[in-house]
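Mind docking chain W on chain R? Use the hints.
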Amino acid sequence: MRVRRAPPSQQQVTEAFRALANEHARDREPLDKRRTWYALQYESRMPRAAMRNARVRWALAVAVFALGILVGAPAWQAWTVLRYDAHGLATEGSNLKAGDAPAGLAFSDGSRVIVSPRSRLSVALVGKHAALTRLIDGRLHVTVHHEPDTSYRFLAGPYEVQVVGTEFDLEWLAQAGGFTLVMQSGEVRVLGEGSARRVSAGQTLRLPGQRQPAAESTLAVPSSSARQPPAAAAVVASVPSVSKTANVLEKQSAGGVTASATGDWRELLDSGRFSAIVRDADARGDESVLSTAPASDLRVLALAARYTGRRALSLRAWQALRDRYAIEARNQGAAFFLGRGYEEQGDGPQALHWLARYLSESPSGAYASEALGHRFLLLSKSGQSVEAASSAREYLERYPRGAYAKSARIVAQPE
Amino acid sequence: MARITSSKPATHEREEDLHQAITNNQADWQRRAFDEYHRLVHGLLSKTLGPRAEIADLVGDVFVIFFANAQRIRQASAVRSYLVSITMNVARRELRARRRRALLHTLIGWPRDADRDVSPDDPKAKAALLQLSRIVEELSPNERAAFVLHTLENMPVAEVASALGVSESTAKRRVRRANEHILKRVRRNALLADYLVARSGPSHAG
Numbered sequence: 001m002r003v004r005r006a007p008p009s010q011q012q013v014t015e016a017f018r019a020l021a022n023e024h025a026r027d028r029e030p031l032d033k034r035r036t037w038y039a040l041q042y043e044s045r046m047p048r049a050a051m052r053n054a055r056v057r058w059a060l061a062v063a064v065f066a067l068g069i070l071v072g073a074p075a076w077q078a079w080t081v082l083r084y085d086a087h088g089l090a091t092e093g094s095n096l097k098a099g100d101a102p103a104g105l106a107f108s109d110g111s112r113v114i115v116s117p118r119s120r121l122s123v124a125l126v127g128k129h130a131a132l133t134r135l136i137d138g139r140l141h142v143t144v145h146h147e148p149d150t151s152y153r154f155l156a157g158p159y160e161v162q163v164v165g166t167e168f169d170l171e172w173l174a175q176a177g178g179f180t181l182v183m184q185s186g187e188v189r190v191l192g193e194g195s196a197r198r199v200s201a202g203q204t205l206r207l208p209g210q211r212q213p214a215a216e217s218t219l220a221v222p223s224s225s226a227r228q229p230p231a232a233a234a235v236v237a238s239v240p241s242v243s244k245t246a247n248v249l250e251k252q253s254a255g256g257v258t259a260s261a262t263g264d265w266r267e268l269l270d271s272g273r274f275s276a277i278v279r280d281a282d283a284r285g286d287e288s289v290l291s292t293a294p295a296s297d298l299r300v301l302a303l304a305a306r307y308t309g310r311r312a313l314s315l316r317a318w319q320a321l322r323d324r325y326a327i328e329a330r331n332q333g334a335a336f337f338l339g340r341g342y343e344e345q346g347d348g349p350q351a352l353h354w355l356a357r358y359l360s361e362s363p364s365g366a367y368a369s370e371a372l373g374h375r376f377l378l379l380s381k382s383g384q385s386v387e388a389a390s391s392a393r394e395y396l397e398r399y400p401r402g403a404y405a406k407s408a409r410i411v412a413q414p415e
Numbered sequence: 001m002a003r004i005t006s007s008k009p010a011t012h013e014r015e016e017d018l019h020q021a022i023t024n025n026q027a028d029w030q031r032r033a034f035d036e037y038h039r040l041v042h043g044l045l046s047k048t049l050g051p052r053a054e055i056a057d058l059v060g061d062v063f064v065i066f067f068a069n070a071q072r073i074r075q076a077s078a079v080r081s082y083l084v085s086i087t088m089n090v091a092r093r094e095l096r097a098r099r100r101r102a103l104l105h106t107l108i109g110w111p112r113d114a115d116r117d118v119s120p121d122d123p124k125a126k127a128a129l130l131q132l133s134r135i136v137e138e139l140s141p142n143e144r145a146a147f148v149l150h151t152l153e154n155m156p157v158a159e160v161a162s163a164l165g166v167s168e169s170t171a172k173r174r175v176r177r178a179n180e181h182i183l184k185r186v187r188r189n190a191l192l193a194d195y196l197v198a199r200s201g202p203s204h205a206g
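Quick note, the sequences are listed as chains R and W, same order.
Here the working numbering is used: the first residue of the first sequence is 1, the next is one more, and so on.
Here the working numbering is used: the first residue of the second sequence is 1, the next is one more, and so on.
Bound-form chain R, shown alone (with noise of 0.2 Å):
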């Protein structure tokens, strides 16, 4: 039996502790002390805890720089590089094309494209404000917005045509009409068969097609005394012009006229005729066309108006067409037309009216981020800051990566 001896006292627990400890050290002491001073001598060395620190300081490091990548790359690309939004356009390989309704694209810098029916492109993004665009085959209108490097450039067929911010339509139907470009405001310059040509606002530019000599070029200016945007007057004015382009488009409104089938207004403008389309309008006499054709006339008719800068036209006709049609002017976006029509008039109040009206009628709708974009910048350059910022919330909350992102949240942000 063991004889169970008294607690000990903190002074034997303190020297048998020692005791034991400093037996311990003193045994692995001498060869402890040859490996150290080895390592001192021969290993260039810093303290261990310096190279844990070291260490720790450079994953620190690969991972702030790793973090900075994961983070800043989109970021940098969102910055450097420009986006574009694609509104009721298919993809076709590596091509856009659209449906038979008009699209759109919507660049990150401001800059648009309305796409005709059936109308092919493909776009190639190659810097924070520039853009390639082949036109494939169609008409496109186009709105270059303006920055010191801008460069647009607008490929159809043998021709280019570079941009740095203006607005036109641009038509090339390689088998039939040709190169076609409408300028509206600004000048652009257009290279491809012989030298190349500035074309500014209120002239036209008509090309040979493919299957045309290259003999067939005009450039029509604008008659002074047209009441129409500057657009519309040159393509009017290009009409009597002994050019064998205009001839064929001429004789081919005509058809239109004669055959006054609605028929032929959805072949017209799927084949970018829209000033044939006006012209026909215009014979038949605007009230009664517009007071009689059915919706799809209409809204073929609206189109045509706005892609030859025949504005007022164009709001007629959609006005019309909401008037006489709600449930079609409701499917084809007219509220959103209309709006953005009033607002290429410089009509706000009308202009955000529509808008709003579209967005109450249509919240989820191909134009939906264009709509909400164009209000809340209307309503800031309007200075209605505290319903600005509202609006742009609302688009940074639906399109945190819109084409108006970046300006939403300009305007968001609180003074």
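To be clear, the hints were calculated from the coordinates, so they are not data collected in a lab.
As the structure is a prediction and not an experimental result, all values here were calculated from the model.
Here a beta-carbon is modelled for each residue, glycine too, at the ideal position from N, C-alpha and C.
Not one of these hints is a red herring.
For each label pair, taking beta carbons as the anchor points, the in silico distance ranges come out as:
id	chain 1	residue 1	chain 2	residue 2	range
1	W	Arg96	R	Arg34	22 to 32 Å
2	W	Thr106	R	Leu125	47 to 57 Å
3	W	Ser140	R	Pro74	39 to 49 Å
4	W	Leu104	R	Gln41	29 to 39 Å
5	W	Ala102	R	Val126	51 to 61 Å
6	W	Arg100	R	Val64	18 to 28 Å
7	W	Arg100	R	Arg34	26 to 36 Å
Each computed DMTMM-like pair below joins lysine to aspartate or glutamate, with the alpha-carbon atoms no more than 25 Å apart:
id	chain 1	residue 1	chain 2	residue 2
8	W	Lys124	R	Asp27
9	W	Lys172	W	Glu137
10	R	Lys406	R	Glu343
11	R	Lys406	R	Glu147
12	W	Lys126	W	Glu54
13	R	Lys33	W	Asp28
14	R	Lys381	R	Glu343
15	R	Lys33	W	Glu16
16	R	Lys33	W	Glu36
17	R	Lys128	R	Asp109
18	W	Lys126	R	Glu15
19	W	Lys184	R	Glu15
Coordinates of chain W only, in the frame set by chain R:
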């Protein structure tokens, strides 16, 4: 800088010579300092970190820091206290790192650090030392440093406070807490208590 004085005249002379060598940047001052203080540094680290710790590298760390900064020491009497301060800082940093590693071992299943064999040949002594070191491991790094310097190294409280960079009352409180904890834990372990009593001889106090 902490200032710990040595009471032995011979030690004092050696310290003066060494300080002179350091100040004059003599060729062998590092070797002399290493020979003079290795046992001290090794013992402090061994007692603070436990008998199973690999401390050769940590001793090397202490001397690397010392060699880099020794020529800034203005008084011979401060050389030893400076080394003690460096050693205890390195020991406490290692203790904190060990705790972090232990937490990682628990959380993500990393392998435990390899243990080193305890040196005494006597199996009972080995077991007692291991059990005492486990009890000491329950102390915080600061309490452990105070315990080693005061209780195991017989250093006065003032010098402990100076070496650890705390007030004397703080040092005293840490020493008291550490001693109380160790005594309480030893008394709970009958075998360990009996061994310590038998090893230390007759009781000096109740």
